[in-house]
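J.: Read top to bottom, the protein sequences are chains C and Z. Anchor point for the first sequence: position 158 equals 201 in our numbering, and the numbering is continuous, going up by one each time. Anchor point for the second sequence: position 608 equals 758 in our numbering, and the numbering is continuous, going up by one each time.
Quick caveat, the hints were computed from the structure, so don't treat them as lab data. Backbone N, C-alpha and C define an ideal beta-carbon position, used for all residues, glycine too. Misleading hints may appear alongside valid ones.
Stated by the list, open to error - Pairs of lysine-lysine residues, derived as DSS-like cross-links and limited to a Cα-Cα distance of at most 27 Å, are as follows:
no., chain 1, residue 1, chain 2, residue 2
1, C, 117, C, 306
2, C, 148, Z, 771
3, C, 216, Z, 421
4, Z, 429, C, 247
To be verified - Over the 12 Å line for every Cβ pair with chain C, so calculated as not near, a few chain Z residues:
no., residue
5, 296
6, 310
7, 352
8, 449
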Amino acid sequence: MKTLQEIIRILSDYWADKGCVVVQPYDVEKGAGTFNPMTFLKLFDSGPWRTAYVEPARRPQDGRYGDNPFRLYKHMQFQVILKPAPADSRLLYLKSLSRIGIDVKKHDIRFLEDNWESPSLGAWGRGWEVRCDGLEITQFTYFQQAGGLELPDVPVELTYGLERLAMFLQKKKSVYDIEWAPGVTYGSVRKEEERQFSIYYFEKASVEGLRKVCDFYLGELEMLLGSKLPLPAYDCLLNFSHLFNVIDARGGIDHRARADMIKQMRGYARRIALLYKEMKELS
Amino acid sequence: MKSADFLVELWVEDMPVAVQLEAEFKLKEAVEKLFEREKISGEFKKGFSTPRRAAVLFENVSRYIEESKTDIKGPPEKIAFDRDGKPSAVLEGFLARYQADCADIRIRATDRGNYVFLEKTIPRRSSEQVIRENIYSALEGIKFSKMMRWGAHSFPRPVRNVLIMFGKKALKLDCFGIPSSKTSRAFMGENIKIESPAAYEQNLKSSRILADRKKRGDVFEAQLKDALKEPLYSKPSDELTRETLGICEFPRILKGEFDEKFLELPHEFLKVTLEFHQKCFAVYDKKGMVNRFLFVVDGVSDNAREVRDNYERCVTARFEDTKFFWENDRKKKLIEYYDNLKRVNYMGKFSTLYEKAERIIRDAAEIAKIYSPGEEEEVRKTAKLLYCDIVTQIVGEFPELHGIAGQYLGMGVTDDPDELPVGSHALRDAVTLETLNNVSAVCGLAERLNTLKSFFSSGMLPTTSKDPYALIKTADEALRILAETEGIDFEVTKIFEIVFDDVEKSVSDKLRDFMNERFKLYLIKKGIPADVANMTESKFDIPKEALKLSRVVMTVRDKKRDEFAHIAASAKRIRNILKQAEKFGMEPATVQKDLLKAPEEKALYDLSALLGGELENLMSKKDYTAALLRLVSVKEPLDSFFEKLMVMDKDEALRDNRLGLLRDIDKLLSNFGRFDTLNALVLEDNTGKKLE
């Protein structure tokens, strides 16, 4: 039986072999691995780029106080970017499954249409959710646009749900029973964190205070864009986006405001992308 | 051999279910167009599509294209060349159209002057050669509504292998950036050698791929029949079947089980969880749902037990989630969710769902006052609960449970006046329209009309190609309620006065026109011939009556085809004459008996006077069949009237009197709508289906 950390190691080795730069998680809270600048910003570089990394994805609204065996406020994604997408992208992916112990020929592997989209990043693609014996294990996307800009070298993004994969391989009924390392369960490592953060996000977070922090980040964003510093500006956007999710989980954002704020984020994502691109082209 | 089979297959990363058949069809179209343009003879034999491939097989494709001569008349010499004798834009356009150049043209004299002629002899060519040169542009030029880009190419999903065979030979060329061959591919990209175009289907079958859609369906149906023993059964919807079959190349049905404890949850929830999330099929016996399910896998052979265990774990996980949501939702009573609607934004006229709900309650109560007095209170209560479940977790997760979840949450166990009476299905039915009783119909109608109002009053109108808010469906549902509610004869004008008193008249007029137009399609969908639907749509004010009337017209006309065709022709003539008269400022007079001279007009008058009273009587008794049969008797006198008499007589009094007579007849006819739109002389069956 493969432990969670073994799965991570095997995937890292496999993709490193395929030419990926294996980087570490980007240490700003985010809702998905796509938000890591190694994906989002690197899409705008000219020339090829391959990377792989584990990324914790925080979605405050999915928190269940550690009570639900399948839902977490924070889960781990294993993210792969291949730019441009090679013709054998799918085969490379299927072989990676075999490597971690899923014999593709013995299981029911399906590709269900799922056109991934991130409204706040102005990004979308065409692709699938990949299911193995009915369980969604990967999001497989050929990006078409990001930051509202057409991407000339269409990249492929693979996002494996690590907890899902581990539950599948270890035949566990609860995420907390996953064996992370020999003799160490996922629950013993993370369950208390789920409980406390659920309380924080759903009951304690100071909405008004957080709004002020959001406003602060918006100010910084403008200032940094004016100073032609797209990288720190992007950090501000990530922070803003996460706080937005926290306030949202507290029920502090009505639907209209949500639409407005997403639009606002999309606007910044675009400006950052444009500035980043422009500076790359000049350098 | 003079001819050969021709096969093209594109192997694609899984295409969405909705485009697979489209891809097959467009592939066929692309090849046919190419054949037609290049004058290659050949017959389409069969098309194939799975998630991963689209292919077409043609038979008897001629190996050679015989020599041909073109001789096409072009522009006059005068405008074909400019002052310097160089080809003008006109000539260039002409040449481009026929892919020719100046060397191919001759100037020839005609009786209208000198003209440019394209004279080109195309020598005998090999089809193989022509196809090789042209097929890639034909294939790469295929357009879909939803495309994906990769590299320099586009298709709904990336094309990863191209097979082109002419006879047993591969046609080698580059297409979608891939060198074509006569090798197809299996799931992991394994080679599948195709022996000949005709052997394609069989060769794939040996690799456990059923390329023929119909065969996949047949295999599925047969397995479904065998999977369960009486009294167990499963009836997946057509949509679910299509979706399930659309994601596999070789369907195989397996069985699974789940813990009986979940059967305590409302079974609709379990069904949605199984079908929507897991693409599994619920299983029932005579008493209802049982703790089993079916699922379809793609060609798996020797590991069924493990696959089943995994599926069962997924289903359990989903059910746990559903149970978690439901247990949370049930902590509050349905009515307690009402205030949460303030937080749900809405589009158009209403800024929140709460605002819209308030208006629906008001409108539903007003409508009930007229059409369902005595049930006002229940209507008000149901309308207030209508949207409450939208803010529950279970509906957030499964939007299709809207209405159903509400019903379960709102069903009374106490005497609380906020709760629905036990056994009442009104709330659910107002959303789903499964059955229409007075309460569900009135609430459902107020809801649909307010949805339309909100968007129409903000100028967000649907078109047939763009309808993001499903307003066409909403309008059709409103029409269904209007026309099919057993106990109520709704009147559109009155209903509109209630619901649209807070918007400008132009908005309600626009919506009325829109619904009137949809109503015609509604009638056609109900099996009413298109021309009858055209005739009775003017009776739209009471849709239920219009539907009844249409059915009567349809049946009676079937018996009296000839008479109807004649009356329709006369009705048209009457309309034209009256229109003409109006244009020239002539006024039909009230008919004066002493001005009737000819026996034909006297006869017509007598009949119309007689019919007037009779029809009124029969119509008020709603005996439409008798009324219509009676009306048919107008045919003879009407025919002779037109045969013998001129309406536009020189004598103005006589003329206006005859116009008056015709106007009276027109009025009689219009009891049934616009007779003049009925097919007049076309006597064959017109089912309208083609017009849909």
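J.: The structure should be examined with respect to each hint, and the outcome stated for every one.
T.: To see whether the hints hold, each was checked on the structure:
| no. | hint | in the structure |
| --- | --- | --- |
| 1 | C:117 x C:306 | holds, 25 Å |
| 2 | C:148 x Z:771 | violated, 72 Å |
| 3 | C:216 x Z:421 | holds, 22 Å |
| 4 | Z:429 x C:247 | violated, 39 Å |
| 5 | 296 | violated, 8 Å |
| 6 | 310 | violated, 6 Å |
| 7 | 352 | holds, 22 Å |
| 8 | 449 | violated, 9 Å |
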